[in-house]
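Whenever a hint applies, use it, and build me the whole structure from the sequences.
Here is what each chain is made of, one letter per residue.
2 protein chains.
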Amino acid sequence: MIHKDKTTGARAGILHTPHGDFNTPIFMPVGTQATVKSVSPDELIELGAGIILSNTYHLFLRPGADLVEEAGGLHKFMHWNRGILTESGGFQVFSLGELRKITEEGVTFRSHIDGSKKFLSPEISIDVQMKLGSDIAMAFDECIPYPADYDYAKQSTERTHRWAERSLKAETRSDQGVFGIVQGGMFEDLREYSAKTLTEMNFAGYAIGGLSVGEPKDLMYNMLEVSTKYLPEDKARYLMGVGTPDHLIEGVARGVDMFDCVFPTRVARNGMAMVWTTTSPTARLVMKNAQFTHDHDVLEEDCQCYACRNGYTRAYIRHLIRANEIFGLRLLTLHNLYFLQNFMKKMRETILNDEFTSFANDFYNY
Amino acid sequence: MIHKDKTTGARAGILHTPHGDFNTPIFMPVGTQATVKSVSPDELIELGAGIILSNTYHLFLRPGADLVEEAGGLHKFMHWNRGILTESGGFQVFSLGELRKITEEGVTFRSHIDGSKKFLSPEISIDVQMKLGSDIAMAFDECIPYPADYDYAKQSTERTHRWAERSLKAETRSDQGVFGIVQGGMFEDLREYSAKTLTEMNFAGYAIGGLSVGEPKDLMYNMLEVSTKYLPEDKARYLMGVGTPDHLIEGVARGVDMFDCVFPTRVARNGMAMVWTTTSPTARLVMKNAQFTHDHDVLEEDCQCYACRNGYTRAYIRHLIRANEIFGLRLLTLHNLYFLQNFMKKMRETILNDEFTSFANDFYNY
Chain G
1 MIHKDKTTGA
11 RAGILHTPHG
21 DFNTPIFMPV
31 GTQATVKSVS
41 PDELIELGAG
51 IILSNTYHLF
61 LRPGADLVEE
71 AGGLHKFMHW
81 NRGILTESGG
91 FQVFSLGELR
101 KITEEGVTFR
111 SHIDGSKKFL
121 SPEISIDVQM
131 KLGSDIAMAF
141 DECIPYPADY
151 DYAKQSTERT
161 HRWAERSLKA
171 ETRSDQGVFG
181 IVQGGMFEDL
191 REYSAKTLTE
201 MNFAGYAIGG
211 LSVGEPKDLM
221 YNMLEVSTKY
231 LPEDKARYLM
241 GVGTPDHLIE
251 GVARGVDMFD
261 CVFPTRVARN
271 GMAMVWTTTS
281 PTARLVMKNA
291 QFTHDHDVLE
301 EDCQCYACRN
311 GYTRAYIRHL
321 IRANEIFGLR
331 LLTLHNLYFL
341 QNFMKKMRET
351 ILNDEFTSFA
361 NDFYNY
Chain A
1 MIHKDKTTGA
11 RAGILHTPHG
21 DFNTPIFMPV
31 GTQATVKSVS
41 PDELIELGAG
51 IILSNTYHLF
61 LRPGADLVEE
71 AGGLHKFMHW
81 NRGILTESGG
91 FQVFSLGELR
101 KITEEGVTFR
111 SHIDGSKKFL
121 SPEISIDVQM
131 KLGSDIAMAF
141 DECIPYPADY
151 DYAKQSTERT
161 HRWAERSLKA
171 ETRSDQGVFG
181 IVQGGMFEDL
191 REYSAKTLTE
201 MNFAGYAIGG
211 LSVGEPKDLM
221 YNMLEVSTKY
231 LPEDKARYLM
241 GVGTPDHLIE
251 GVARGVDMFD
261 CVFPTRVARN
271 GMAMVWTTTS
281 PTARLVMKNA
291 QFTHDHDVLE
301 EDCQCYACRN
311 GYTRAYIRHL
321 IRANEIFGLR
331 LLTLHNLYFL
341 QNFMKKMRET
351 ILNDEFTSFA
361 NDFYNY
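Chains G and A supply the protein sequences, listed in that same order. So for the first sequence, the working numbering puts the first residue at 1; every next one is plus one. So for the second sequence, the working numbering puts the first residue at 1; every next one is plus one.
Keep in mind the hints are simulated off the structure, nothing from the lab. Honestly, I wouldn't trust all of these hints.
It does not matter which identical chain is used: a pair holds within one copy or between any two.
With a Cα cut of at most 20 Å, we get these calculated DMTMM-like pairs of lysine to aspartate or glutamate [as the list claims (entries may be wrong)]:
| hint | residue 1 | residue 2 |
| --- | --- | --- |
| 1 | 345 | 362 |
| 2 | 196 | 297 |
| 3 | 229 | 188 |
| 4 | 76 | 362 |
| 5 | 217 | 149 |
| 6 | 229 | 250 |
Just so you know, these numbers come straight off a predicted model, no measurement behind them.
Here's what the structure looks like:
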């Protein structure tokens, strides 16, 4: 951390990894299957991405960790020389619902690809992540569903803590940091308990998990606040799976340094462009809409993304999206990812200039 | 034409257009809907593409010629500053089979998008192509199905000639050349008759249509030979819809200068890479095959395409294709398009060095 905002919890810092130092707060594009959908590593660098997220669950199933290791690790396999954070597979496995079974040892589940029986545990997850060779590995955890009762949340959180210890113990690479994941459901005391317990284990950094899972916004922000309150100031904090501009601001205001989300890439594939407009900074242009038929302006004035900088118009992108052309979603993906990189950069600048509060206020009173 | 091979009909030349001069023989990537599937104009330039083909039928239906004209023409709309050839819509309309009705005036058909009734005639086709502002417009013609009897082929060819005259008459842009299309079915005398009739009309160039529609190879090559035999030496000759390496060589050997085909982009989308191998120069690698699982070499040694130059491996591309990741088909598209550009370049060099025959022999005896 190099600077803290005077009124909020917002902080600007630098994250050190074996593949470079990255300014925080940072947004990490998601490259689930060893590729950020539709774009090249060159394009990611060009739009300012520093660290990307990839998924242990998916790579464990296909192509398999051994193959990636044989290829020289994930960086080499996918041609990405900057940072990679791998999540542990916990979230994906728990998303499978009825298809998985949890024991103290780990989770048995059915592959979404071929239905075959698979098993993940803290040890296996860390082993996979070591083979992938990510810069940051995540501890194996359970993402508690919402709603969940207190007893379930407590038992699950305690198991997540035991799994966190096993994850730490399984890690043997010196060039890979392991992050613990704060759980605790939607209960303040469990969140506090989880943050404190994990802090004692001395992880390289800390993630806040189990949020943005269907709960009301205020509850999410409250749980986030309680979670970060008890985490050490000198370690990175990562709010998992969050990436809409409002959540990013609220997260940063509560002391979060890192975010990831499929949001910018997914809305691009759904034909939407993220833009600041004169009415709302979280506006999205639905490119199929008839209003863009004759709109020969770029997606966003003064935007320096590949699409806008080169003058690709709304009318052209609308045509591509309507015609199901890949180049359309590629242009939108490049724009949306740039939009968020730029958004984070602006936030960082305002933190460094002690103007974060006015930035946040401007955002909400746009 | 700047050089002619001594033994075959192969010729090397330069095609002049308002958007630049291009070396022939040339292969034109297909950008059906104002985009070459999955790749950017920058990438097309980088891989050496000089002129692309776009489809009047598709752009007529969506987004419409008026919109493209309003946007400043097709070059500006899609950000392509090199050559564009538009076909006339004839081939697509006739491919609709039962959905269209031919009269002397033109063709009534149902849109494949919304089923609405549409009409194309020589005048409308040329009007659309003028609005698109392509460098080369094609005369409106009928592509005769195979097989077809002599009487039908003769009547159709004569109508195509009348439509060719109307197409020429409809053209008013001085910056757009119109090519006539030789038809005649699979009948030598009709091919000769068609080539001679169109030559008298003095088109800017000539296409050979109605081939590669299901007929045996030898018949196709024979019809091609008869067609080019009676075309003027000093005008460009374009064999429509042909793009496999063997057809390209046979076409060049019979005096063809220009080719287009969806082949390289389509096989890429089907997960295949075009390569010269030690067993066959027309080999394609089916990337899903298990043999590439542990293959950490590039698609093709010494290839200077984006994928190979940057070291993307067969194992990685196989993973992307199996995982249905867009970046996989994008890498294959870039490779395949580069492969063909390079293939044409090699052919041109051998023509200029009077080595075309040995190049063709090497190809078949590889």
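Taking the hints in turn, this is what the structure says about them:
Taking the closest pair of Cα atoms, residue 345 and residue 362 come within 20 Å of each other only inside a single copy of the chain (16 Å); across copies the shortest separation is 57 Å, beyond that limit. For a Cα distance limit of 20 Å, the shortest separation of residue 196 from residue 297 qualifies neither inside one copy, at 52 Å, nor across copies, at 48 Å. For a Cα distance limit of 20 Å, the shortest separation of residue 229 from residue 188 inside one copy, 11 Å, qualifies, whereas the shortest one across copies, 86 Å, does not. Within a single copy, residue 76 and residue 362 get their C-alpha atoms no closer than 42 Å, and across copies no closer than 37 Å, so neither meets the 20 Å cut-off.
In the homo-oligomer, the alpha carbons of residue 217 and residue 149 lie at most 20 Å apart inside one protomer (19 Å), although the nearest pairing across protomers, at 73 Å, exceeds that limit. Proximity of residue 229 and residue 250 under a CA criterion of 20 Å is satisfied intra-copy only: 14 Å inside one chain copy versus 74 Å between copies.
The earlier numbered hints that this structure contradicts are 2 and 4.
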